[in-house]
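Number of protein chains: 2
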Amino acid sequence: MREAYHVELENLATKLAEMSASVSDAMERATKAMLESDLELAERVISDDTLVDDARADCEEQAYALLALQAPVATDLRIVLAAIHAAESLERMGDLALHVAKAARRRHPEPVLPENVQPYFADMGKIAVRLARRVEQIIKTRDIEAARSLESDDDQVDDIHRHLFSVIMDKNWEHGVATAVDVTLLGRFYERYADHAVSVARRMVFVATGRMPGYSTIEP
Amino acid sequence: MREAYHVELENLATKLAEMSASVSDAMERATKAMLESDLELAERVISDDTLVDDARADCEEQAYALLALQAPVATDLRIVLAAIHAAESLERMGDLALHVAKAARRRHPEPVLPENVQPYFADMGKIAVRLARRVEQIIKTRDIEAARSLESDDDQVDDIHRHLFSVIMDKNWEHGVATAVDVTLLGRFYERYADHAVSVARRMVFVATGRMPGYSTIEP
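Residue numbers (UniProt numbering), protein chains in the order written: chain A, 1 to 220; chain B, 1 to 220.
Keep in mind that the hints were calculated from the coordinates and are not lab data. No incorrect hints appear here.
In the DSSO-like style, the derived pairs of lysine-lysine whose C-alpha atoms are separated by at most 27 angstroms in a straight line are:
| id | chain 1 | residue 1 | chain 2 | residue 2 |
| --- | --- | --- | --- | --- |
| 1 | B | Lys-32 | B | Lys-126 |
| 2 | A | Lys-102 | B | Lys-171 |
| 3 | B | Lys-126 | B | Lys-140 |
| 4 | A | Lys-171 | B | Lys-102 |
| 5 | B | Lys-171 | A | Lys-171 |
| 6 | A | Lys-140 | A | Lys-126 |
| 7 | A | Lys-126 | A | Lys-102 |
| 8 | B | Lys-102 | B | Lys-32 |
| 9 | B | Lys-126 | B | Lys-102 |
Produce the entire structure from the sequences given, and follow the hints as far as they go.
So, in structure tokens, the structure goes:
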């Protein structure tokens, strides 16, 4: 049983790494589509989201098969369950990229964002994509130190997100209420995406090493 | 094994029903705290949230024990995994109630919401609480028909949520950008809460009956 278990766990980890790559591509494209009002790219993100949903279903099936056939216990059991949770968060990250792409489509050919907030979203997008790519690397390399570095990237997204509010609420905000509402929701999508990435990273470390990283709890 | 399995599954279902009751209380109090600028009530929701987090950890432990000791397969396995997912969504619903309570605390003694949108939140709050209470009932009574009725309640929340945007973006909106941002985020919290409730209801039907309800897929 042990060998079959490890082969199947390896397959599951590979699938999760692929999902991480997909949702980082999705967020990269969605951010570009939003910043450059690129309708074609937005449409691509929107139609590709079903692939992420399918990948998540595949991960669950693989995990179920592993549980049913190998009946792992103790740490092995927790590893499989961590993988199921990670797949759920990754699907949610795909949904958040989808929301960004839909905003780009909804406002097209108008830009979604006024010029003065675009740099914040360019930065949040860059960090969010980097977070998801690191998750992919962590699962491939089992590099726990890389997982720790995710925390500071997540803090950066939180800082930009907080700063965005002060920009929107400044008395010099001249883009009206509708744009403020768009910026508010979009900011939240990036913040949630980054949060999920950190949560996945922690679970991935657990999947790869069987030990939960010791740093502070991240709000799900 | 079969009998032990059913006793343990029953315990797990009871725990999930309790969690449903807790998060419906939390949303009821958070909504009241927000609408009546009741700081004490807001503080209570905020401090009680750790109980929901603990309950979720308990549910996971029970589910892990069940998997490790009983090694269920096929439908039985899926039921336990559905319970783990349900616990995660319920914890998230608690977090969303917490966000509402924190908004009430942040603006206290000022009201969070201008008078003209308060009725929308009173309605969304009422429906959200009803959704969570129905989830509790579904798990206790195994009434699948009740689960189906959740969909229309969720549609109502979506309708109110959509209508809120038209109120905020109306040219007669006179409450400024900061308030619009608050209303936007709070509206989203109720919408997400209702979505999670429907998702939990579907999983609860599965936990109670071993069959997934046949109605259309709900976006997580």
